[in-house]
Amino acid sequence: MSLTYVNQILPSLFSGAWMTIRIFFWTLVGALPLGVLVSMGLRSRFSPIRWVLNFYVWLMRGTPLLLQLMFVFYGLPDVNIVFARYPAALFAFILNYAAYFAEIFRGGFAGINHGQYEGAQVLGLTYTQTLRKIVLPQVVKSVIPAVGNEVINLVKDSSLVYVIGLGDLLRAGNVASARDVTLVPLILVGIIYLLLTLVCTYALRGLEKHYSYYR
Amino acid sequence: MLELKNINKSFAQRRILNDFSMVVPDQQIVSIVGPSGAGKTTLLRCIAGLERPDSGSFLLDGQPFDPVEDRGSERKIGVVFQDFNLFPNLSVLDNIMLAPKMVTGLSTKQAHEQVESLVESLGLAQVIKQYPFQLSGGQKQRVAIARALAMEPAILCYDEPTSALDPTLRDTVGQLILDLKKRGITQIVVTHDQQFAEKIADQVVTVKPLNA
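Sequence order for the protein chains is A and B. Numbering of the first sequence is given in this note's numbering, commencing with residue 1 and proceeding in unit increments. Numbering of the second sequence is given in this note's numbering, commencing with residue 1001 and proceeding in unit increments.
Okay, chain B solo, but in the shape it has when bound (with noise of 0.2 Å):
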């Protein structure tokens, strides 16, 4: 259970987070709608440890957690972003591998047999020696789910997952996201599409842009 407390966040005399708290649940799915502009991605950088909060604290499992310090193989947060920024110089395996390998220290065999499940199940196992240019929108996706998975966090995140695709593969990702629910990973998702939110989510949190 990840809860965040009273976080603040401004750029440049803008405050784009106000005492912003809530709490996610183990195993369910939280998604974050609101607005361009409102801070959904601002707050889903500060889980993700990529912006540091003016204040607030983050608590993991009860225990107070730095998402920004949270470093190596302990890494609890997973992050799939927008544009996926998969590594584009290496395969799809090696994306996936990459992070055993690096972080966790794992051989290429062990790594290999580490990932061969969650590539199995997330149906890569045709692409894995292709490149990401290779791969379509929905490829691409499940790459970097599979990347995120690999580290095992105690909760992936989503940036937009329905923005960089095809409108038509929209409930593909939202069953995606359903069936990772229910294999046990908490996660979530940062979206405009109140609909796809509500269809997909245990809890629905609104943000809304603050007046400067």
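For reference, chain A alone in the conformation it holds in the complex (with noise of 0.2 Å):
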């Protein structure tokens, strides 16, 4: 492994990490409220929205992201909805991972002793008040651990848009290996994932520690 060739590969690789950690941070910016959202919606008393929710999940969970991607960005311009390549991952993404946060949040949620309820409402404290105040940073607490595997599942799945033609951190290496005829780029690839699974595995330990001040 020549250093010079090293060099010479690491530009396209860190252009294609980029894009790797574009897709990953958008994606948890539009899936970690959608899942809150979505997570009260299952536990709504008003059970159409119930059941629409759980088929989004069902649909979401129950076929592989590689298929939604495909679908998103070559099946939806059949009825008229063209997504650009960017775009469209963020799109599929977002909606996956969304409904994969939205059930760790109803465990959550569920998590939740009802005397917290009540102790607010005895309190005059709307049920909005009580969201916000008082189950929303509990939630929060308890699905670090869960929300925090899921995270570390995204920055690899992040991997699956080159099926529509993004250039990723894996397809860089990719392209790298099959036109030198060597492994090094892919160890490279598998370098770079490490670290940045390791900053998120880091920056997950702080937010738990953030959040240990209470049992």
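In case anyone wonders, no lab produced these hints; they're calculated from the structure. All residues carry an ideal CB built from backbone N, CA and C; glycine is no exception. Any given hint could be a false lead.
Stated by the list, open to error - Just some of the chain A residues that point at chain B, by a computed CB distance under 8 Å:
1) Gly115
2) Gln116
3) Val122
4) Pro137
As the list claims (entries may be wrong) - Short, incomplete list of chain A residues facing chain B, as computed with Cβ under 10 Å:
5) Phe71
6) Gln121
7) Lys209
Put the two chains together into one complex, using the hints given.
Here's what the structure looks like:
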């Protein structure tokens, strides 16, 4: 593994990694709040909302993300919904990850003792105030480990975007590897993925620590 | 003065409260005793507005009053739950100040001023920065009392105040309830402990399980 060669291919790997990071970041920004909303809808008293959302979660978790990506990019144009590659990837990733997050948050909400709601109610707090000040902070704390798992998964799942022709980290490595007939780019790709997940792991640990001030 | 008139409540065909009536005079302690399943807690939950009775009426100082609709800063009934239901994510001070801030709309500074003497008198000054998990059972209970009193309720209700505590703390709680009475607070104490009830209460109301 000559250093000159490594230096030669690193720029293209970094630009692929930048795509990976963008997909990762914007998916989280979109899917986390959407997941919270869906999880609340899953607990709605209005049953049609629950049916629709349960169907959505089933669809998203029940089919491969790869298939969903292809469907969004190649299938939706048939009904005149045309996405460019990058927005198509974000759209599919956000919808898919929001479904997983929704299930995790649903569990988090279910874990909050009913007494917390009653304690707030007898003090005169509204339902919204109760959610914001009491329930959500506790849900967030309780779901960090499970959400963290999905976050780590997302780093690697982002490599699926190759199927709609986006140039991410893995694809950059693949291209270099095929062109130069060497495994070196793929080893570097593996190292970059490991570094990315390492950063995530530390960030998640930090978040867990931040919330460890109470039990 | 709180009056309950002909309160009825059933769960799934099982009648829990049958034409229950009672009067809670101002600045007195009324104890509600009875065995498990007699409907003590259901009664308390109706008074607290956590359950809606099937029929019957409530009067507060002669005015009709609906505990379920009793909302916001005019909230009249305070509750100390059996397991306190403190908010674990908030410090002791924030537990106590939450409702004055969110419901009454006080600023943090105003809320702090308002609850300061309460915190002091309940012996909580040393622990205001701590979180519920760091407190003893007795401290948690006093935080729950302070949190309820911060909203200046007309009546303070307790559900089984002795049950979550070390038996040696029983008398301490009794003394605390009597101290609050001296400060003019009207209290309803639900307990299965007849002795405890007789020791602290001006009036003991006994509820019996109804034969279905």
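Results of checking the hints against the structure:
no., hint, verdict
1, Gly115, "holds, 4 Å"
2, Gln116, "holds, 6 Å"
3, Val122, "holds, 4 Å"
4, Pro137, "holds, 5 Å"
5, Phe71, "violated, 41 Å"
6, Gln121, "holds, 7 Å"
7, Lys209, "violated, 15 Å"
Consistency with the previously given hints fails for numbers 5 and 7, ordered from lowest to highest.
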